[in-house]
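Student: So you can see what is in the structure, the chains are spelled out below.
There are 2 protein chains.
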Amino acid sequence: MSKGVTVWFTGLPCSGKTTIADRLGEVLRGRGEKVERLDGDTVRKGLTSDLGFSKEDRAENIKRVTFVAKLLTRNEVKVLATFVSPYIDRRQKTREEIGEFMMVYVRTPVKECIRRDVKGMYAKALAGEIKGFTGIDDPYEEPVNPELVVDTDKETIEESVQKVLAEMEKRGYL
Amino acid sequence: MSKGVTVWFTGLPCSGKTTIADRLGEVLRGRGEKVERLDGDTVRKGLTSDLGFSKEDRAENIKRVTFVAKLLTRNEVKVLATFVSPYIDRRQKTREEIGEFMMVYVRTPVKECIRRDVKGMYAKALAGEIKGFTGIDDPYEEPVNPELVVDTDKETIEESVQKVLAEMEKRGYL
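Protein chains in written order, with my numbering: chain A, 255 to 428; chain B, 255 to 428.
One or more hints might be untrue.
Each pair may be met inside one copy or between any two copies, as identical chains are not told apart.
[Claimed, not checked] Okay, derived cross-link-like pairs now, DSBU-like style, lysine-lysine, Cα gap no bigger than 30 Å in a straight line:
1. LYS309 - LYS365
2. LYS417 - LYS378
3. LYS408 - LYS424
4. LYS373 - LYS408
5. LYS299 - LYS288
Keep in mind the hints are simulated off the structure, nothing from the lab.
As the structure is a prediction and not an experimental result, all values here were calculated from the model.
Given these sequences and hints, build the entire structure.
Tutor: Below you can see the structure in the form of structure tokens.
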């Protein structure tokens, strides 16, 4: 039985977290691994419907997700979590609570994220229609010692996925 | 690999839910099963610290627990959940969301629960010092079609545990 782990993707909105984690999930499932994807959409209905985007609410959001990820991880699940999770202190707590944990920093420059702007959110933030948008008028604290950095403006999705897989193998999670 | 399931213990405070589920957990772990216990104490810190005991808060509490139990259950974990969970409609939603689900009604008469009163809560509720206490001034809606009923005033703990094990086997969860 292979070991559980939470692979935590952090990065700006539109940095590519979801795309990489979804593809990684497919690959892992294809290898017979148990996989759960956790992101804002999957947890909103069941876990965090009361929360907004203040610093406190973001922290509470991650706190609840951490609880779930911890339980899944210790039951041999590969948890692929994709959250902007902009604050170092909160990410650090998550790492400590879960234990078997790998942080992947999806280091896409904000300029490139604005260019992609999948849901038109950056445009709204830049126009001042949304307040507290990470990367525009809310801070993103870069990870200091992530297990892995992927640069989606220089790598293909497949290359990024392969890098994560290699790092998981190196650390004994595959 | 044996199937995941949530065994949901419902009943009045002090009915014996925790005692039975803890013992059942020991037995299952001894058989090599993956087990998680979910109860008010285990989820309070990570998941429900913002919630009180109003009907809305109780429902929200169970909603979040249901989300967690669902994810664990589909990853082959035996989830032993002990919550007063007094409302039929909320329990029914939990059943539907989780799918692989067994409800155990711990049917201890309120008189016996008051006699046990492990934490002195009934005394406080009867004295009017706590409001909205299930069984005293808040309703408990009895399950209509639970998979199993245990009567802790007539059975030993070991007998109740054996009944749950037998029911789990009968339903293909062991």
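Student: Reference check for the pair LYS373 and LYS408, CA-CA at most 30 Å: within, between, both, or neither?
Tutor: within (22 Å within a copy, 60 Å between copies)
Student: Within a copy, between copies, both or neither: which one fits LYS299 and LYS288 at a CA-CA cutoff of 30 Å?
Tutor: both (22 Å within a copy, 27 Å between copies)
Student: 30 Å Cα cut-off: does LYS309 pair with LYS365 within a copy, between copies, both or neither?
Tutor: within (24 Å within a copy, 47 Å between copies)
Student: As a check of your reading, is LYS417 near LYS378 (CA-CA no more than 30 Å) within one copy, between copies, both or neither?
Tutor: neither (33 Å within a copy, 59 Å between copies)
Student: Between LYS408 and LYS424, at a C-alpha cutoff of 30 Å, which is it: within one copy, between copies, both, or neither?
Tutor: within (23 Å within a copy, 56 Å between copies)
Checked against the numbered hints above, the structure violates only hint 2.
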